[in-house]
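Asker: Chains as they are written, first to last, in this note's numbering: chain Y, 30 to 186; chain L, 568 to 1066.
Please note: incorrect hints may appear among the correct ones.
What the hints assert, rightly or not - Computed list of lysine-lysine pairs in BS3-like fashion (alpha-carbon distance at most 25 Å, straight line): (1) Lys-995/L <-> Lys-42/Y; (2) Lys-814/L <-> Lys-99/Y; (3) Lys-42/Y <-> Lys-99/Y; (4) Lys-995/L <-> Lys-949/L.
Stated by the list, open to error - Stretches of chain Y that chain L covers, calculated by requiring three or more beta carbons in the stretch to come under 8 Å of a beta carbon on chain L: (5) 53-63; (6) 122-130; (7) 143-156; (8) 177-183.
Said to hold, decoys possible - A partial selection of chain Y residues facing chain L, derived with a Cβ cut-off under 10 Å: (9) Ala-46; (10) Gly-67; (11) Pro-133; (12) Leu-161.
Hints in this document: simulated from the structure, not taken from any laboratory.
All C-beta atoms, glycine included, are put in the ideal place defined by N, C-alpha and C.
This is what each chain is made of:
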Amino acid sequence: MDTQNPLTIPVNKDMVAGAIFVAFAIGFGVVSTAYPMGSAAQMGPGYYPLLLSGVLGLLGLVIGLAGWRKPAQQMVVVRPLALISVLAAPLLFGVILRPLGFVPAVILTSLLATMAAPRMSWRARILTAIGLALGCTAIFIWALGIPLPLLGTLLRF
Amino acid sequence: MELFDNVLLGLQTAMTLQNLFYCLLGCLLGTLIGVLPGVGPTTTIALLLPITFGLDPSTSLIMLAGIYYGAQYGGSTTAILVNLPGEASSAVTAIDGYKMAQQGKAGSALAIAAIGSFVAGTIATVVVVVFSPPLSELALRFGPPEYFSLIVLGLVLSVTLANGSVLKALAMIILGLLFGLVGADIYTGIPRFTFGEPSLMDGINFVAFATGLYGVSEILSNLDQDPSRKSKVSKPKGLLPTWPEMKRSIGPILRGTGLGSVMGVLPGGGATLSSFAAYTLEKKLSRHPEQFGEGAIEGVAGPESANNAGAQTSFIPMLTLGIPGNGVMAIMIGALMIQGIQPGPSVMTTNPALFWGLIASMWIGNLMLLMLNLPLVGIWVKLLSTPYNFMFPAIILFSTIGIFSTNMNGLDLGLVAMFGLLGYVLIKLDCEPAPFLMGFILGPLLEENLRRAMMFSRGNPATFVASPLSAGLLAVAAIALILMVLPAVRNQRKKVFTE
């Protein structure tokens, strides 16, 4: 798969949106039924979420069915690499902060994030990471005084 | 006079050295982030929210308000200089502002925008001072049914904010309401939708939600295009408008202020609709409507004044009723709750210093912006030339660190990624995030009032139409909904949004 160029596929926006709403309605609705319902006068914790899920499901169905006859549109879905690296960046930071420490976490997170930019030179990526490490340390650790170790447990001897 | 005592109290609060400093810092940071292409006021506030948590409540609100005006101001600078408006409210400014910049009149456009915003801000602050106390007194007499109906009205009107299908916007509201329910049930304490995760007992972390929905999903949308393109920035030469330009702008500034002040109070109104309305009004009144779109200074002065006035008066429902009229105010409500203050009509009596201090700081913030931003315009121009490749990793890291440092909880970072993905997918499918955010904020309040009202009426839903006020609010909501679905209005709305 070409990871740099955008993926374009035909999508019927209304039907997909309707399906997403129905899926959420089913998810929330099913979980709601596990909670006590109560009555209209004495609503339990499950009453209101179930009511909302019902309305959402109905809206989702109407949106999806109304879109049935509309033609699908060609749309840029995503550059897969961009999507993955941007979404994974905060997660990576959360995972490596404790063991590696603040500075290495910022550098690695920045390197991962810049993978999303196509045709960015490695030199620019590394410079961005170093610049951000300096800037973030200055702002968050020195100026705002957030108590995070600059180097983590794995890197201290 | 009670009013003067209040204003005095406000000035005393706002003029402490600490609050002045944070107001200034807020204005500067707000402009700094807001000026970045593609970053609107809502995103800016969501990104900078964690910085304000360490401050005491009044200071943090004053700083957030400063960030808001700063971001709006920064947004207009970007709209005028590079034609890349961050949010719909400055899209209108870009039409004639960018044309002026291409003709070498960027300085005049920027100066008129600044002056117009300041005049509008000053007048709108007076409007806030005069109208807030009676409104919150009225709201104090609201029972659960009235509150329920008011929230319903607010949510329905927030649909007008969304561009596109009314049904999709309604579905987004309901989805937001559902996500707002995550956490312990208010009456029984039973955890709902937490999947056994203790940190979800207090609900989904609001900052993670807002950052994912606005910040991350916006980055993803921007990356769909090739971001290595460099935007062409037109450099302003002189910074002073000529006398005839000033004279042409007085009328539009005052009319824009009036229009914006009224529309800002309406739920779902705020800055965006005000600037659209002001542009249309000026074009209609002008003797040379053909100049609009070709660099008419009225097309900058009117909308810019209107959106600033609207931004200011949209604080009225937020402060007096606890009901946000737009995405930015929803974030303000979230910030108040994080500070341990229950938003609503009682804020004015229980926290008078915060209430009046915030209002006084609005005017001070506007003054600071006027004095600071024109001299600093060189810096903003430099910032605008930064390629997106360097900007987006910085935005990701700042928000990641900011969110993590508020709770030191890795789960929040997972929520950022999750809502970033959800927001991105939904935007792709023409479902806008603003109603989602509104629903998320108002979900718990709506449920509380619904359940309480139904308890008092012993399960009879007629309670919502029994009081004339509640019935009236619901009637307005119903009419608004019907009007929006009617084909004639739908086409008009489409026209306004595509113009």
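Asker: Broken hints, numbered, in rising order?
Answerer: 2, 4, 8, 11
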